[in-house]
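Number of protein chains: 2
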Amino acid sequence: MKHHPARLIAKKRDGGELAADEIADLVSGVVDGTLGDAQLGAFLMAVCCNGMTAAETAALTLGMRDSGVVLRHDRISKPKIDKHSTGGVGDKVSLLLAPLVAAAGVAVPMVSGRGLGHTGGTIDKLAALPGYRTDLSITEFGDVLEQCGYAMLSPSAELAPADRRMYATRDISGTVESIPLITSSILSKKLAEGIDGLVMDVKCGRAAFMQREDDARALMETICATGRSAGVKIAALLTDMDHPLGLALGNALEVVEILEALDGNCPEDLREVTLELGAEMLVLGGVAVDPRAARATLERLWQDGVVRQVFRHNLELQGGDVRVLDDHTLLGRAPVIEAVSAPRAGFVEDVDPLALGQVVVDLGGGRRQPSDAIDPHVGIVLQKQLGDPVAAGEPLAIVHAATTAAWEAARVRLVAAMPVGEERRKRRPVVLDRA
Amino acid sequence: MKHHPARLIAKKRDGGELAADEIADLVSGVVDGTLGDAQLGAFLMAVCCNGMTAAETAALTLGMRDSGVVLRHDRISKPKIDKHSTGGVGDKVSLLLAPLVAAAGVAVPMVSGRGLGHTGGTIDKLAALPGYRTDLSITEFGDVLEQCGYAMLSPSAELAPADRRMYATRDISGTVESIPLITSSILSKKLAEGIDGLVMDVKCGRAAFMQREDDARALMETICATGRSAGVKIAALLTDMDHPLGLALGNALEVVEILEALDGNCPEDLREVTLELGAEMLVLGGVAVDPRAARATLERLWQDGVVRQVFRHNLELQGGDVRVLDDHTLLGRAPVIEAVSAPRAGFVEDVDPLALGQVVVDLGGGRRQPSDAIDPHVGIVLQKQLGDPVAAGEPLAIVHAATTAAWEAARVRLVAAMPVGEERRKRRPVVLDRA
Numbered sequence: 001m002k003h004h005p006a007r008l009i010a011k012k013r014d015g016g017e018l019a020a021d022e023i024a025d026l027v028s029g030v031v032d033g034t035l036g037d038a039q040l041g042a043f044l045m046a047v048c049c050n051g052m053t054a055a056e057t058a059a060l061t062l063g064m065r066d067s068g069v070v071l072r073h074d075r076i077s078k079p080k081i082d083k084h085s086t087g088g089v090g091d092k093v094s095l096l097l098a099p100l101v102a103a104a105g106v107a108v109p110m111v112s113g114r115g116l117g118h119t120g121g122t123i124d125k126l127a128a129l130p131g132y133r134t135d136l137s138i139t140e141f142g143d144v145l146e147q148c149g150y151a152m153l154s155p156s157a158e159l160a161p162a163d164r165r166m167y168a169t170r171d172i173s174g175t176v177e178s179i180p181l182i183t184s185s186i187l188s189k190k191l192a193e194g195i196d197g198l199v200m201d202v203k204c205g206r207a208a209f210m211q212r213e214d215d216a217r218a219l220m221e222t223i224c225a226t227g228r229s230a231g232v233k234i235a236a237l238l239t240d241m242d243h244p245l246g247l248a249l250g251n252a253l254e255v256v257e258i259l260e261a262l263d264g265n266c267p268e269d270l271r272e273v274t275l276e277l278g279a280e281m282l283v284l285g286g287v288a289v290d291p292r293a294a295r296a297t298l299e300r301l302w303q304d305g306v307v308r309q310v311f312r313h314n315l316e317l318q319g320g321d322v323r324v325l326d327d328h329t330l331l332g333r334a335p336v337i338e339a340v341s342a343p344r345a346g347f348v349e350d351v352d353p354l355a356l357g358q359v360v361v362d363l364g365g366g367r368r369q370p371s372d373a374i375d376p377h378v379g380i381v382l383q384k385q386l387g388d389p390v391a392a393g394e395p396l397a398i399v400h401a402a403t404t405a406a407w408e409a410a411r412v413r414l415v416a417a418m419p420v421g422e423e424r425r426k427r428r429p430v431v432l433d434r435a
Numbered sequence: 001m002k003h004h005p006a007r008l009i010a011k012k013r014d015g016g017e018l019a020a021d022e023i024a025d026l027v028s029g030v031v032d033g034t035l036g037d038a039q040l041g042a043f044l045m046a047v048c049c050n051g052m053t054a055a056e057t058a059a060l061t062l063g064m065r066d067s068g069v070v071l072r073h074d075r076i077s078k079p080k081i082d083k084h085s086t087g088g089v090g091d092k093v094s095l096l097l098a099p100l101v102a103a104a105g106v107a108v109p110m111v112s113g114r115g116l117g118h119t120g121g122t123i124d125k126l127a128a129l130p131g132y133r134t135d136l137s138i139t140e141f142g143d144v145l146e147q148c149g150y151a152m153l154s155p156s157a158e159l160a161p162a163d164r165r166m167y168a169t170r171d172i173s174g175t176v177e178s179i180p181l182i183t184s185s186i187l188s189k190k191l192a193e194g195i196d197g198l199v200m201d202v203k204c205g206r207a208a209f210m211q212r213e214d215d216a217r218a219l220m221e222t223i224c225a226t227g228r229s230a231g232v233k234i235a236a237l238l239t240d241m242d243h244p245l246g247l248a249l250g251n252a253l254e255v256v257e258i259l260e261a262l263d264g265n266c267p268e269d270l271r272e273v274t275l276e277l278g279a280e281m282l283v284l285g286g287v288a289v290d291p292r293a294a295r296a297t298l299e300r301l302w303q304d305g306v307v308r309q310v311f312r313h314n315l316e317l318q319g320g321d322v323r324v325l326d327d328h329t330l331l332g333r334a335p336v337i338e339a340v341s342a343p344r345a346g347f348v349e350d351v352d353p354l355a356l357g358q359v360v361v362d363l364g365g366g367r368r369q370p371s372d373a374i375d376p377h378v379g380i381v382l383q384k385q386l387g388d389p390v391a392a393g394e395p396l397a398i399v400h401a402a403t404t405a406a407w408e409a410a411r412v413r414l415v416a417a418m419p420v421g422e423e424r425r426k427r428r429p430v431v432l433d434r435a
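Residue numbers (our numbering), protein chains in the order written: chain G, 1 to 435; chain H, 1 to 435.
Chain G extracted, bound-state conformation (with noise of 0.2 Å):
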């Protein structure tokens, strides 16, 4: 580091705003390690507690990008646009989106991370799929992406890799909850990505990283407005995280969820936020006027089956096995497969995300530590939704566990996430704003 960095973190401290210099000096000392632990700790809670400018967002985020490799696709022509989202409980809209906005002439290069805690990973998922490579080269990355408009990609360490640091540090030292660092953690590792825009879905309620709608609101805005400093084209949609989405949670289950919405059955809710991001994604990388043109663009491709094309190339590129669209069994299953039934007759009056997410993590679907090897096949399948009527003893959803007595801890649980009663309740939209 050239600045000395007690001066600079005492500067943050004071509620000084630092240059973009001495910004980009923290990250160099963060990558070669001349900024130690205690420091960067240190650093981390000055900005959790003193905040940083719009400016200082920006150059962090472009600190932490060029802190490693900055991909370019230069041989692809089409536009190049990404999403992100803030995860939830039942989210594998990537899955879906990215072959669906491939298919509408957008490349989508996507960098996605693995789950912890009650929210799923998209790499996960596509792990619980036979064969599916996503430890892809960055040059067999761009090759995926040039041949079928789209690439998946586990977390590269050639990539931000000050992130990588940074958000290991952030996870131990209470320094998670800032908006500057959650913007730049996000935001550096996309545009490293080499794209031109990116849509964001950032989640709010139970199971959300942000339960208020103020603080998702907030992170939402801050995102825009540095991306768009950043020069990519960037647009939001606020979207709802106190249901979870989908009927499946648990990563082979998601990825059986997935299948049969390429198929043309899919569950209302992850067919509205997947449609309404495409369209977004569509009008950034400018190949449709407006999102109503964009939507009805992707539901005729969805329709046709033009986007389970794109997925099966994506699938015979990544080295997945191409039969399991034909054959889903081929994705195996768990021991136990029983349904938990209805104590009484009434209406589904909550339907608990982070309940329900806990649940799929206990089961063994999910980590609680980062290192924490993953069940594919364990998990859960609603049959119900919130404001659902059922019948004493009837279906709530269908536990897959790995023994009788973690389907039977399930359940217990499950019944107490799920309650019935008198009151019927509606779920609030599934988007609930754009920006």
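What the hints contain is simulated information worked out from the structure, not anything from laboratory work. One should not assume that every hint holds.
[Unchecked claim] With beta-carbon atoms standing in for the labels, derived distance ranges:
no., chain 1, residue 1, chain 2, residue 2, range
1, G, G117, H, A55, 25 to 35 Å
2, H, E423, G, T34, 40 to 50 Å
3, H, D171, G, E177, 19 to 29 Å
4, H, A55, G, G15, 20 to 30 Å
5, H, H3, G, R424, 40 to 50 Å
6, H, G33, G, K426, 30 to 40 Å
7, H, H3, G, A157, 26 to 36 Å
8, H, E338, G, A20, 46 to 56 Å
Predicted model only: the values in this text are computed from it and were never measured. Note that the Cβ used here is the ideal one computed from N, Cα and C, for glycine as well.
For chain G, the structure is supplied; the task is to place chain H on it using the hints.
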């Protein structure tokens, strides 16, 4: 740790008040390493940004005190009172104050620090005394205290070990400037000495840790409140550090100033601060009814040579060469000793303690880094103080240097640090306030 570190850190980040057991848990993590560097850095910064309540500061202080050995001096029936200064340039008070107060029947178990930057350290000054040992065992420390009424110990790994790691971490992570952290660092070490009372010398001015008077007052008040809630008697003086204290700056030169003071030849400011601090210590110890009576007692003991005898006894017990009392040349001398003359006639318009302290460091008499070696012989002896009239060519100060080049470099800076002009400025009182 019993609690999850990130949860406790986030609580402080969000402005919450940590419970005593939560703070004790954090301190245990500091000592056993289960609180990692990044977590410690983040916690310290959260305290810098959000402060601590009185109860939190007291809990932190007690937790840090109890992180190691807490001394007891049960064999000694005298009151046990110590003094702590926040540090300054020319502050050799402890060397004179300890025998002074001990002569009046107050036991002084004094653990002192080393110097860093422009601020000197008592342990470095004592190291200029041939043979004098401050690396006593805990048992030796108690024995010396019992036999001569005071004992001097360098920082021990056994006392308040939590502070050692926290202090080192604060130093590199921009988290030094926090009143609760400064308070707990000072008091935890002092309370571990096994004292009944403490007199604080909070310095204020350009060369002080607290430059602004309101910051110094805030620190003084927090230390007093925290010390009292931790069960020790406490008093504090706010003293001037806009001017060096006494005339000698540099370790052996300051010891000579003390030896001369024991013989009755003491600069007025040094005499004033020492007697005022000593008077407070006697009152806290219950051996004088009020500061005025205490001061009269101390002046008599000093004048009668009793203080010199106590100093001699301690010197003997801690391995020092007692002949230095009569032969100051035994302390050795720097190769180059030459006066720096006033460039013009007039009045000394400033004696910049920060600049002079840095000159001493650069002469080799202080440390830039904690690992630096010190040359005990180099330094400055002022011949003029603020407001003194001076003729052109008359000595402003005598510089003791290792080489002529070092002397010349010091001369240039000394002339700048002691400008001579038309204006006759008056020094503010050395004792600014008391609490």
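| Okay, which hints does this one fail, numbers in order? | 6
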